[in-house]
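Those protein sequence lines, which keep their order, are chains A and B. Mapping of the first sequence onto the UniProt record's numbering: residues 1 to 264, in sequence order. Mapping of the second sequence onto the UniProt record's numbering: residues 1 to 562, in sequence order.
Worth double-checking, as some hints may not be accurate.
The calculated label-pair distances, taken between Cβ atoms and stated as ranges, are [claimed, not checked]:
no. : chain 1 : residue 1 : chain 2 : residue 2 : range
1   : B       : Glu189    : A       : Gln2      : 47 to 53 Å
2   : A       : Asn43     : B       : Gln394    : 48 to 54 Å
3   : A       : Gln32     : B       : Ala263    : 32 to 38 Å
4   : A       : Tyr50     : B       : Pro159    : 50 to 56 Å
5   : A       : Asp198    : B       : Ala263    : 44 to 50 Å
From the structure, some residues in chain A lie toward chain B, with a derived Cβ separation under 8 Å [as the list claims (entries may be wrong)]:
no. : residue
6   : Tyr13
7   : Phe83
8   : Ile137
9   : Ile250
Note that these hints are calculated values from the structure, not bench results. Don't be surprised by glycine CBs; every beta carbon is placed ideally from N, CA and C.
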Amino acid sequence: MQQQDIHKFLVTYFEANHCEILKNHNTYLTVQLTIEMDKELMNRPFYWHYLEKTGGIPNPSQLTFITDSQNAPEHIKGEHIYFGSPRLHQIIESTKKLASYIRLYEDKQTNGQQVSLFPWLNLNVKISYQCDRKKDIFQSVGLNLITGEIVNEFYNHIFSIKLTPKIPDYSFTLSPLIMPKSGLTRLDRYIRQNFEQDDHTWAEQAVQRWNNDLRLLEHFYNESEEKSESYYTEKEALKAQYEPKIHISIVNGGLFYLSDYKTS
Amino acid sequence: MKIEITSDLEWSDNFLTKINEDGPWANWELYKLAIEVTKDLVISDFEGLQAPKYLPYLKPLPHQLEVARQVVEEMNGKAILADEVGLGKTIEAGLILKEYMIRGLVKKVLILVPASLVTQWAFELNTKFHIPAVTQRKSYVWDSCDVVVSSIDTAKRKPHSEIILNQDYDFVIIDEAHKLKNNKTKNYEFVQNLKKKFCLLLTATPIQNKVEEIFHLVSLLKPGHLGNAKLFAEKYKGKGRTIQEDQHLKELVNTVMIRNRRADTKIEWTKRQVETIIIDFSKTEQALYDAVSQFKVHSDGVGHSSFSTLTLQREACSSREAVYYTLKNMKAKYENPPVAFTAMIDNVLQKVNETEQNSKAEKALELIKKIDDKVIIFTEYRATQLYLQWYLQQNGISSVPFRGGFKRGKKDWMRELFQKQTQVLIATEAGGEGINLQFCNHLINFDLPWNPMRLEQRIGRIHRLGQEKDVMIYNFATRNTVEEHILKLLYEKIHLFEKVIGELDDILTKLDIHNIEEYLIDVVGESKSEGEMKIKMDNLSSLIQFAQQMKDGDVHAAAGHS
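Take these sequences, add in the hints, and give me the full structure.
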């Protein structure tokens, strides 16, 4: 993330959360938080609890973020935001938390004609390969809940069309033949199949390292008839360190009602 | 091969609930933002360091980055970091910890450090690495906080120890880990029983004395790496071997240990200037020294002991207070001391009373005034420390004491006082480790320890990364005393003070002198004449010089191959 990206990210985040941007200079940014966003970001539960008990006038914070420390005017006081700064990562986490589940309808120009919308189930996932090291893969998939068709890089499509949270006039939704619950199962299976063909030497190598350390451990304790507690602790620790695992974590997902989206 | 795969079931359940309850649904802009930022932050390689990108203000040195990479990629996150003093082991450890935290491999962290460094570690992790480390102050911290810094002495005590041993730590860091070289200690046992998925042991002096010590240290990190205790003992004990001599052992150790030397780092260090100041006793001081030199009595009251004579002689070179304190303790051991013993002690005590001045203290005062800047004075004796503080105070110079026994808060406070308010810090040996004072560049060795490694540690407190000025070291020694012998006959001959830090460690290990302090006491104490002592000292210093040449020879040979 470059500094300009960070600036843009912050503006989008606060606007989407209905916070007024009081100043939007290209080196810094001042935001008036709403009550909800103050509770989300400022970590002062006692203040809000007290206020609600006493019926005082809420005074949500104003924040200034300096996104270009080198060029920002000197008199500006605020938090320096850069990649790695705790505040930025707090806001990134908050973004993910606040945007977990969605339902949207395609807003198509219809000229008064009726448009039927197909239900799609979208999942955006992070697949983590983990042993004593770790790497992630991002995957975005969509499942047509009528035809059962599955599409990769689904986000590319939805990013390019106009969507609205309310069903538009003249549009109607087709009922899914696949229920969301089994849709989730299908997508989970699809994602798993996808990486089953992957090269998993990483996991084999991790098991090798694990076995190697286990062998040393056995050797170290082989004189004592009864294994001491530290032996078992260490064995557990080796498992935690090396055991290869794959975890699919869902970033977000939801239902999209789309007109005639075809991949082929 | 079969790999365990897990999915996010909680998300699915919540999603189905939302469908049933018709929302609430997220905002489209935020949804897009979450996807974009996730794509941006995905770490698509097992290899490579992420931490530097997250720490744009840190500016780690090349050797520190290399250490971090090596530990993560080649050592599977378990290593002994053994850089020489002052190369920034804390930075290395912070980088490694940060890397694992960014990648989501580490959440729960325990950091055990000397009490005097607890606050500093927590502060550095927070400010330099944005790692929310907390210092342990209440026992609930163990459960409720993810990254905790504590002293090992606190952690091993009940009720803390029980809580800690029940935690699943992803990452354990232990600073000054050479203190864990003895596997019979409570501290060792405690650390052995910790669950350590990833682990760093930090020490500047990994191989001070015996081969077994490195065995215990490595076994803590990776049990079995050097075999088990029995086999190891059979193979290496009693053969007078050292780590350096055994190529195989050396290679094994090097797969779990990284040691950078100052010379390898290409960092420009400030210079070290050493000045020896020889001080003459006053008449009464000389009388005291002569009296203790005649004091050939074992501390149990009978027999001959060069040890107690030497102790008293060394103390007499420091202050009469130090002598007094030791005599008092000797006497207090008995309910009915033997008459001859009491007479001998009383004789010396009388000389203590007659001593009118402390010539070294006078010299120190003069020097401090001349320096007119921050000065650290090191002494071996607490009694001297107290005396010096009083003496400087009488002469209008403010000072703070520093001792190993101080509680953490007090150590921090003393350091702070020294940095902000007082001109002088007076430290005893125990205070030598675990405090960083690089804002000061003058050091007075009021008396000399008989272990050159300890001298190195003293100097290492100020001659480290972050020191911007040349470091000035003033060695005090009293003329015609044991102190002068050690200084002139050994330390100066082997150019101890000009050596770069860490070199000596190597040399002593090469020589296989298990305990140089005992050896020196033997040489100085047991020699029948000054001539004999000189010869022995000469032998020792040529041995050290020889080892040094061998070492340089090694370097040349190695360079020749590449």
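Could you work out which of the previously given hints the structure breaks and list their numbers from low to high? 3, 4
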